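Let's have the full structure, built from the sequences with the hints guiding it.
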Amino acid sequence: MDRFRMILQYFQSSSESIMNGICGLLALASVKMYTSFDFSCPCLPQYNMAYGLGIMFVPPIILFLCGLILNRQSLVMLEEWRRPQGHRKKDLAVIRYMCSSIMQRAMVAPVIWIVVTLLDGKCLICAFSGSVDPEKFVGFANVSMVQVQQLLAKVPCKDNELVRNNTSRKAVSRYLRCWSQALGWSILLILIIAAFLARWLRPCFNQASLLQARHWSNYIDIEQKIFEETCCEHSRLFAHKCILHFFESMRQEIKLHSCSLPGEGEGAEGEEDLLRGITDQNQVNKLLKTWYYEKPPLDVS
Amino acid sequence: MDKFRMIFQFFQSNQESFMNGICGIMALASTQMYSAFDFNCPCLPHYNLAYGLGILLVPPFILFLLGFVLNNNISMLAEEWRRPQGQRGKDPDVLRYMFCSMAQRAMIAPAVWVSVTLLDGKCITCAFCTSVPVETLGNASHPHLSQGEIQRVLARIPCKEIYNGQQLIANEVAVRYLRCISQALGWCFVLLMTTLAFLVRSLRPCFSQAAFLKSRYWSHYIDIERKLFDETCAEHARSFAKVCIQQFFEGMSRDLVAAHCHLPRKAPADAGEAAEKLLGITDQGTMNMALKSWHRCKPPLHLHPPALPTGNGWAREGQPPMHPSMPQRETAAYYSWV
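Line order of the protein sequences matches chains A and B. Residue 462 in the working numbering sits at position 246 of the first sequence, and the numbers go up by one each step. Residue 227 in the working numbering sits at position 213 of the second sequence, and the numbers go up by one each step.
Bear in mind the hints are in silico, worked out from the structure with no lab data behind them. Note that the structure is a prediction, hence the values are computed from the model and not measured. Certain hints may be false.
[Claimed, not checked] Computed Cβ-Cβ distance ranges for the label pairs, DEER-style:
#, chain 1, residue 1, chain 2, residue 2, range
1, A, R312, B, L206, 26 to 34 Å
2, B, R96, A, N434, 39 to 47 Å
3, B, L63, A, K248, 41 to 49 Å
4, B, R102, A, N236, 19 to 27 Å
5, A, L286, B, N178, 45 to 53 Å
6, B, K228, A, I408, 43 to 51 Å
7, B, A225, A, F255, 15 to 23 Å
8, A, K505, B, K104, 48 to 56 Å
9, A, K505, B, L63, 52 to 60 Å
10, A, T383, B, K174, 22 to 30 Å
[Unchecked claim] List time: in silico DSS-like cross-link candidates among lysine-lysine, alpha-carbon distance up to 27 Å:
#, chain 1, residue 1, chain 2, residue 2
11, A, K338, A, K374
12, A, K505, B, K312
13, A, K352, A, K374
14, B, K312, A, K441
Glycine included, C-beta positions come from ideal geometry on N, C-alpha and C.
Structural data, given as structure tokens:
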């Protein structure tokens, strides 16, 4: 419980943390989506490749766009980029820094999807089972051209009656899976090395301007948040004053029209304030009707 | 429990967070509804299409309407739209902003339902099993089957137990084919929705940021003003009720004094607050009379100085509220213990 609260507080402590948190959540969501997705290869010659490559590449695009949408900083960056110059100059280095940090975070979930897909192997087996060389496999070697395409296309479907008892089906499957996993691990290795080098070598280049860019991008983010909070506060006070003015004006109207002063019991001061001079069913109805039919002007001067 | 409360607090921290929370809950509810729903394809030629497309399209419509119903701001939007102009002009930008933000949030649960349905594949398999291309996937050369018969056989594809067309087209092949199409449609749908959301979100700062800030401020203002007004009215109603009830009890105790001709003994200072709170009603019979009077003849909604001493109103039901006459004012001041 305490741990959970600490984690939540840690993530809310700064906007960078929030973004890292969202990035992590999307990565977990991507793995969960893959495991809950029911992959079913069509096992038909032209459809296999489209299906397999589609499953490998379309969800990453979706995850990338989600990563951009869910990241608040992308909006902040766009606003900073498109705003008129006014009294404040625009610093392109800051915008570039924000853009690159957004992109890096948005790329995590798609990469995870692709790596998980490759390590699992089903997609590649489905996509490329029709492209293996049938001569390498005994069960497919001496079959006619058209037939071999049909048979190879059915390799991903274990229960299909045509290939159920074909020993070479497993061989093709293992062969493709081996390639798929090799590709997956290689991509993972390359990416981790690239990230490691980027992080290690970054201080060697332009550390000062990097610190500046980071500071000002943080500043822009915080400034926006505080502006929104201030606007909320302001609208609350504005509404409060507006309503008080409205009740006052109703009370004065009632005084003018009914000529009967509300009783001034000494002890009743507190309640009188809250009643604001409105002490009758008709008066209350009139107040509510006026509130609907003639809202007061937005002017509390 | 604590965890739940913290999450709840986080979402209530501001209005937008709260609405996003409701949105997320509805999306989860929609996936849960789908997995709990027991899909049962009828496996009959014309019913399949109706059932499949119905399950695909009707629940999203319901979820969309539900999204509007659960959104508190819908009544605010309607009120702002229909109110007479009065002394305050109406801004169509604000109305448009409120409607768009509500519609966007309401679209999420239906989109989740449609994607989950398409990615699962059962609906499309049920709806379009009679349109499977038998020539390419199976043996179209089944001479003794008429068109209607073929349709009937194909309609049974989703129901494996009663499928009898294995020679016409293998069940597994047809199901895989339909499922592949359904999943492709599902992913394309999700991609389309995500791209639209991305475009809507990223084009806004490029084109109408100032107008957006203005609309957002005023829509927030209208919401807060409405809430504060409700709070002020609630406060007012509370004070009104308090004074009304005090005056009722005062009237009762005055009547009792007049009726029984004995003054309530004002106990010395040490009895203090407790005696005062009893409001002059100190025995069972009196209390029963007070309760009966409250039920039979509630006092008028009129808080000026109290009514005449003879009968608080329970003897004179249905009388219009009487304006007080001058002498009573002194009595009221004397008995006023507020």
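Hint check:
1. A:R312 x B:L206: 26 to 34 Å: 30 Å, holds
2. B:R96 x A:N434: 39 to 47 Å: Given about 45 Å between the Cβ atoms, the range holds.
3. B:L63 x A:K248: 41 to 49 Å: 33 Å, violated
4. B:R102 x A:N236: 19 to 27 Å: Given range 19 to 27 Å: violated, Cβ gap about 45 Å.
5. A:L286 x B:N178: 45 to 53 Å: 50 Å, holds
6. B:K228 x A:I408: 43 to 51 Å: At 47 Å between Cβs, range holds.
7. B:A225 x A:F255: 15 to 23 Å: Given range 15 to 23 Å: violated, Cβ gap about 46 Å.
8. A:K505 x B:K104: 48 to 56 Å: The hint (48 to 56 Å, Cβ to Cβ) is violated, given that K505 (chain A) and K104 (chain B) are roughly 19 Å apart.
9. A:K505 x B:L63: 52 to 60 Å: 54 Å, holds
10. A:T383 x B:K174: 22 to 30 Å: 28 Å, holds
11. A:K338 x A:K374: It holds: about 12 Å lies between the C-alpha atoms, which stays within 27 Å.
12. A:K505 x B:K312: 25 Å, holds
13. A:K352 x A:K374: Holds, at about 20 Å.
14. B:K312 x A:K441: 53 Å, violated
Of the numbered hints stated above, those contradicted by the structure are hints 3, 4, 7, 8 and 14, listed in ascending order.
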